[in-house]
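Same order as they appear, the protein sequences are chains B and P. Quick note: the first sequence uses this note's numbering, first residue 13, plus one each step. Quick note: the second sequence uses this note's numbering, first residue 11, plus one each step.
Derived from the structure by calculation, the hints contain no laboratory data. There may be inaccurate statements among the hints.
Unchecked claim - So the derived label-pair ranges between C-beta atoms look like this:
| # | chain 1 | residue 1 | chain 2 | residue 2 | range |
| --- | --- | --- | --- | --- | --- |
| 1 | P | Thr102 | B | Glu442 | 52 to 62 Å |
| 2 | B | Leu296 | P | Val83 | 54 to 64 Å |
| 3 | P | Ala57 | B | Val312 | 53 to 63 Å |
| 4 | B | Leu343 | P | Thr102 | 53 to 63 Å |
| 5 | P | Ser41 | B | Ile276 | 53 to 63 Å |
| 6 | P | Glu163 | B | Pro240 | 29 to 39 Å |
| 7 | B | Val312 | P | Ala94 | 47 to 57 Å |
Unchecked claim - Over 12 Å on every C-beta distance to chain P, these chain B residues come out as not near it, computed from the model:
| # | residue |
| --- | --- |
| 8 | Ala245 |
| 9 | Gly335 |
| 10 | Leu372 |
| 11 | Ala404 |
| 12 | Val440 |
| 13 | Lys489 |
| 14 | Pro552 |
| 15 | Gly589 |
| 16 | Leu638 |
| 17 | Gly642 |
| 18 | Val646 |
| 19 | Gly692 |
Stated by the list, open to error - Facing chain P, a subset of chain B residues (Cβ under 10 Å, in silico):
| # | residue |
| --- | --- |
| 20 | Ile339 |
| 21 | Ala409 |
| 22 | Arg413 |
| 23 | Arg417 |
Please read all numbers here as calculations on a predicted model, not as lab measurements. Note that beta-carbon positions come from the ideal geometry of N, C-alpha and C, so glycine has one too.
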Amino acid sequence: MIRLGLRLAVAGGREALVRLVAIAAAVAVGAGILLATLAGVNATNAQLTRYASLHPVATTGGDADPLWWSTRRDYFHGRQILRVDVAATGPDSPTPIGVPRTPGPGEYYASPALRSLLDAYPADQLADRYAGRDVGTVGPAALPSPDFLLVIVGGRPAEVAALPDARQLTDVAASGPALPDTVVDLILGVVAGGLLFPVLIFIGTATRLGAARREQRFAAMRLVGATPRQISAIAAIEATAAAAVGTALGFALFLAGRGALADIPFTGMPYFPADLSLRPLDALVVALGVPAGAALAAHVSLRRVQISPLGVTRRVTPRPPRGYRLIPLALGLAGLAFAVGRRPNTADGQTAVYLPTLLLVMTGLVVAGPWLTMVGARLMAARARRPGTLIAARRLADNPRAGFRAISGIMLALFVTSTATGVITTIVAERGPAPIGSVEAATLTTVLGEETTSVPGPLLAELRAIPGVRSTTVTRKLENPHYYASVVRCADIPPAYGRCAGGATVAEVPVDFIPFRSSASADRVWTPASVRVEDLAGLPVESIVVGTDGSAAARERARTVLEAAYPTFWVAPNVPGNFEADFANLLRGWRQLADVVIVVSLVLAGCSLAVAVVGGLQERKRPFSLLRLGGAPVGVLRRVVALETAVPMLAVAALATGMGLLAAHLFLKGQMHYALTPPGPSFYALVVAGLAACLGIIAATLPLLERVTGPETARSE
Amino acid sequence: MDRDDQRPPGRVEADGAAMTVVVEARDVRFSFGNTPALRGATLAVEAGEILAVMGPSGSGKSTLLHCLAGILVPDSGEIRFGEARLDAMSETARSALRRRRFGFVFQFGQLVPELTAAENVALPLLLGGVRRAEALRRAHGWFGRLGLAGKEERRSGELSGGEAQRVALARALVARPEVLFADEPTGALDSLTGEQVMDLLVTAAREQGTTVVLVTHEPRVAAYADREVIVRDGRVNAPERIPS
Numbered sequence: 013m014i015r016l017g018l019r020l021a022v023a024g025g026r027e028a029l030v031r032l033v034a035i036a037a038a039v040a041v042g043a044g045i046l047l048a049t050l051a052g053v054n055a056t057n058a059q060l061t062r063y064a065s066l067h068p069v070a071t072t073g074g075d076a077d078p079l080w081w082s083t084r085r086d087y088f089h090g091r092q093i094l095r096v097d098v099a100a101t102g103p104d105s106p107t108p109i110g111v112p113r114t115p116g117p118g119e120y121y122a123s124p125a126l127r128s129l130l131d132a133y134p135a136d137q138l139a140d141r142y143a144g145r146d147v148g149t150v151g152p153a154a155l156p157s158p159d160f161l162l163v164i165v166g167g168r169p170a171e172v173a174a175l176p177d178a179r180q181l182t183d184v185a186a187s188g189p190a191l192p193d194t195v196v197d198l199i200l201g202v203v204a205g206g207l208l209f210p211v212l213i214f215i216g217t218a219t220r221l222g223a224a225r226r227e228q229r230f231a232a233m234r235l236v237g238a239t240p241r242q243i244s245a246i247a248a249i250e251a252t253a254a255a256a257v258g259t260a261l262g263f264a265l266f267l268a269g270r271g272a273l274a275d276i277p278f279t280g281m282p283y284f285p286a287d288l289s290l291r292p293l294d295a296l297v298v299a300l301g302v303p304a305g306a307a308l309a310a311h312v313s314l315r316r317v318q319i320s321p322l323g324v325t326r327r328v329t330p331r332p333p334r335g336y337r338l339i340p341l342a343l344g345l346a347g348l349a350f351a352v353g354r355r356p357n358t359a360d361g362q363t364a365v366y367l368p369t370l371l372l373v374m375t376g377l378v379v380a381g382p383w384l385t386m387v388g389a390r391l392m393a394a395r396a397r398r399p400g401t402l403i404a405a406r407r408l409a410d411n412p413r414a415g416f417r418a419i420s421g422i423m424l425a426l427f428v429t430s431t432a433t434g435v436i437t438t439i440v441a442e443r444g445p446a447p448i449g450s451v452e453a454a455t456l457t458t459v460l461g462e463e464t465t466s467v468p469g470p471l472l473a474e475l476r477a478i479p480g481v482r483s484t485t486v487t488r489k490l491e492n493p494h495y496y497a498s499v500v501r502c503a504d505i506p507p508a509y510g511r512c513a514g515g516a517t518v519a520e521v522p523v524d525f526i527p528f529r530s531s532a533s534a535d536r537v538w539t540p541a542s543v544r545v546e547d548l549a550g551l552p553v554e555s556i557v558v559g560t561d562g563s564a565a566a567r568e569r570a571r572t573v574l575e576a577a578y579p580t581f582w583v584a585p586n587v588p589g590n591f592e593a594d595f596a597n598l599l600r601g602w603r604q605l606a607d608v609v610i611v612v613s614l615v616l617a618g619c620s621l622a623v624a625v626v627g628g629l630q631e632r633k634r635p636f637s638l639l640r641l642g643g644a645p646v647g648v649l650r651r652v653v654a655l656e657t658a659v660p661m662l663a664v665a666a667l668a669t670g671m672g673l674l675a676a677h678l679f680l681k682g683q684m685h686y687a688l689t690p691p692g693p694s695f696y697a698l699v700v701a702g703l704a705a706c707l708g709i710i711a712a713t714l715p716l717l718e719r720v721t722g723p724e725t726a727r728s729e
Numbered sequence: 011m012d013r014d015d016q017r018p019p020g021r022v023e024a025d026g027a028a029m030t031v032v033v034e035a036r037d038v039r040f041s042f043g044n045t046p047a048l049r050g051a052t053l054a055v056e057a058g059e060i061l062a063v064m065g066p067s068g069s070g071k072s073t074l075l076h077c078l079a080g081i082l083v084p085d086s087g088e089i090r091f092g093e094a095r096l097d098a099m100s101e102t103a104r105s106a107l108r109r110r111r112f113g114f115v116f117q118f119g120q121l122v123p124e125l126t127a128a129e130n131v132a133l134p135l136l137l138g139g140v141r142r143a144e145a146l147r148r149a150h151g152w153f154g155r156l157g158l159a160g161k162e163e164r165r166s167g168e169l170s171g172g173e174a175q176r177v178a179l180a181r182a183l184v185a186r187p188e189v190l191f192a193d194e195p196t197g198a199l200d201s202l203t204g205e206q207v208m209d210l211l212v213t214a215a216r217e218q219g220t221t222v223v224l225v226t227h228e229p230r231v232a233a234y235a236d237r238e239v240i241v242r243d244g245r246v247n248a249p250e251r252i253p254s
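In isolation and in its complexed conformation, chain B is listed as follows (with noise of 0.2 Å):
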């Protein structure tokens, strides 16, 4: 049985050959970005497990000497630079991961990336903060992506362990979990949800290519004795034979694109193509699942007709699917109505309420989807004047399940994407690096680690001095039993900060004179404080406010100076925003990675139609040629494929976007009180440029509409 199968299947005539090359092809796309898929979450493990391993967990015990370990971020241009400071307390304390040996007091190790910006910026913005000797490069093997900004600054035992955050470590690859395993699993989600169901839907469909003409072959051969069961199994060895084929080339096609695919910074940074990789059961899932998938999709196709020995008939009209497949739609949206208002404390009872609700949304949409599909086609065809329209909308009414199934991916991956890029839209809004060319973005303040009363006169002289730097502004910090906040006197608050009320001579104000998640403002007037001014010189120093014109090189340079004053910082002096810059960046690569999901979905599900479409025209040829031959213009028949595809397919984008963009609101408004900021244009430009694309796919069968409707298919049919 299975040389019969693969015998028709490769030597089936020129017919059946075409369609193996067809359902290869289909298979190996579908394929290769499953592949690329799977490659990329274990890429994104492998950089986060990197990133942890900068931050390990202190560990004791063992014969080897401790190395003292202290991580600390410092920034530059925006970017995040990752500082490690060690030192080896003894011969045999370990090395850190990435460089050859520890370095010594006065050494340090940069990243390629580092490397660069030392080279490429004057020492006073950047190289001066790391005094000593550079003795080499940091190796792949600690930066979590190429485009990594690492340093490894040695020092003496004493001066590490009295830096924050400073840890003993007998075993440098001791870190923490990268993840969460519910965050791996919601990011698995989300990417399942988004680009793997539509690659599965293409690669089931793509196998349902020439049913029509396959099933007739299969009454033949019913006729001459053959069983309903060897039937289903030469579909499923034809099936198999072109997936085999079809998922081998998209190994192949992953393999000549790894490189290219490791440049994008999907995670706000680049991969590095090695960590683009499979593990062995990702190779052998995909390898044996596909071909797998194709014969269960073969045998599955089956199932929807008889094969009876005088030919092939269908279910006339499907049983239409209920209004109760609206329940699970219904019960997903309001778990996030009911959220909102009620957020769990932890971040295992937020997961625990966001995840299965947001995941029943998702399978509602799925699980309605056929009834809605129905009731737009009733409504359509009730209404419908043309009789292309009358046509599309019946058949869509007829069997909504097939006309949803090629187009479950556009609502799946737009309902994950819509929602992705809500969230990271409006989280990059409020919480997003301070507006270009704002008060906020010129100033650098740092915040005191140590406990001191005053500020060296030359430090304040030495930051006046740099080009584009304003002011120079020394907070203070007051403690009572009851109350915590910085004070500053009045006359020392400079005009772009705002003023004090009418006669006070000290007032409250935050450390940097911004307000959390508020702009600066000359306008604003600060409250008065409850300390005198001349007592003010005895409270402990809280900050130091560098008011500069806003230009980067002014910014860098008072960094520079601020962090060789005080260099057991731990969090370097920063503009409002720098916190969360590496945060944002994650952010804006999660949105990248959306963008990609939206055009690959989308594409993939303009393949998914157009061969649902061609396989509806093998299904109708006879009776549309023969309307051809009565005179109908083939612009009719046109307008029937154009309806029963883009109608759907343009309904399904709106509702999913739309759902999504609720369920975005819905779960920024529960988790973090934040209103839903809209996404700008460009989400919205890349949404029709994908659904134009789509549309351009389904174009691309049209001209085979005219060819399988000639006056020679009336005729030989």
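With the hints as your guide, set chain P onto chain B.
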């Protein structure tokens, strides 16, 4: 050949009276690649007559029908519809002509499976720009005449072969075409059902004054015609008028 006993009551024409030619083929040649199908076929169809085109399989009778209907353009020769030269028209013009002035019935599989029987019948009217309600009203009018009352909302898969063919017949005639081309209209039916369909076809055509070109290889079906011609090796034999 006297077929009076087999023909339904129909048009009675004055013997020898001059008839108007509606469709005409003059020395038509047509080949599928290197295989000639028509080798100089000549035929004239008169207004209101029912003409049977007979011949063995592969003789070229369907090709001749397709040429007469403007579906195929002959390699040489002329096809005339009234004064118009079909062979010189563009595909668009021929399509419009077929849509507006011709009707077609084929052997099987001509109904759009998604549409109800009534919608299938209304389809030519909708294609012609008739409003949907009016098109459906006119379509429904055919079901009683065809013995299909109550089956207006059925899909093609829910109709028997004979019922589907009667729906196809109604579809072909609903727009009151000038010429009805029927290619083996009973080829997929048993003899009794075939006779029912032919009765309806001939009756309806005569009521509307529609000319019918009927391709068949069955003498029983050809017997419904006023006249029959035989196509053999791509040529039409001398026309034979059947006495009324």
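Hints, one by one, checked against the model:
1. A hinted range of 52 to 62 Å for the beta carbons of Thr102 (chain P) and Glu442 (chain B) is consistent with their spacing of about 60 Å.
2. Taking the beta carbon of each, Leu296 (chain B) and Val83 (chain P) are about 59 Å apart, inside 54 to 64 Å as hinted.
3. A beta carbon spacing of about 56 Å between Ala57 (chain P) and Val312 (chain B) agrees with the range 53 to 63 Å that was offered as a hint.
4. A C-beta distance of roughly 55 Å is found between Leu343 (chain B) and Thr102 (chain P), which places it inside the suggested range of 53 to 63 Å.
5. Range check, Ser41 (chain P) to Ile276 (chain B): about 57 Å between beta-carbon atoms, so the 53 to 63 Å window is met.
6. About 33 Å separates the C-beta atoms of Glu163 (chain P) and Pro240 (chain B), a value consistent with the hinted range of 29 to 39 Å.
7. Remark: the range hint 47 to 57 Å for Val312 (chain B) to Ala94 (chain P) is upheld by a beta-carbon distance near 53 Å.
8. Every beta carbon of chain P lies more than 12 Å from that of Ala245 (chain B), the smallest distance being close to 28 Å; the non-interface claim holds.
9. With a closest Cβ-Cβ approach of about 23 Å to chain P, Gly335 (chain B) is found to remain outside the 12 Å limit, as its non-interface label requires.
10. Every Cβ of chain P is farther than 12 Å from the Cβ of Leu372 (chain B); the closest lies at roughly 34 Å, confirming the non-interface assignment.
11. Distance check for Ala404 (chain B) against chain P: the nearest CB is about 8 Å away, which does not clear 12 Å, and the non-interface claim fails.
12. Look at Val440 (chain B): its CB is around 48 Å from the nearest CB on chain P, clear of 12 Å, so calling it non-interface holds up.
13. Every beta carbon of chain P lies more than 12 Å from that of Lys489 (chain B), the smallest distance being close to 78 Å; the non-interface claim holds.
14. For Pro552 (chain B), the condition that its CB be more than 12 Å from all CB atoms of chain P holds, with the nearest at approximately 82 Å.
15. Interface exclusion of Gly589 (chain B) from chain P stands, the closest Cβ pair being 58 Å apart, more than 12 Å.
16. Once the 12 Å rule is applied to beta carbons, Leu638 (chain B) is inconsistent with being away from chain P; the minimum gap is 4 Å.
17. In this structure Gly642 (chain B) is not separated from chain P by more than 12 Å, as the shortest Cβ-Cβ distance comes to only about 5 Å.
18. In this structure Val646 (chain B) is not separated from chain P by more than 12 Å, as the shortest Cβ-Cβ distance comes to only about 8 Å.
19. With a minimum CB-CB distance of about 42 Å to chain P, Gly692 (chain B) clears the 12 Å threshold, and the non-interface call stands.
20. Interface restraint check: Ile339 (chain B) against chain P, minimum CB-CB distance 29 Å, threshold 10 Å, status violated.
21. Because the closest C-beta pair between Ala409 (chain B) and chain P is about 8 Å apart, less than 10 Å, the hint holds.
22. For Arg413 (chain B), the interface hint is violated, the least distance from its beta-carbon to any beta-carbon of chain P being 15 Å, above 10 Å.
23. With a cut of 10 Å, the hint placing Arg417 (chain B) at the interface with chain P is violated, because the nearest CB-to-CB distance is about 17 Å.
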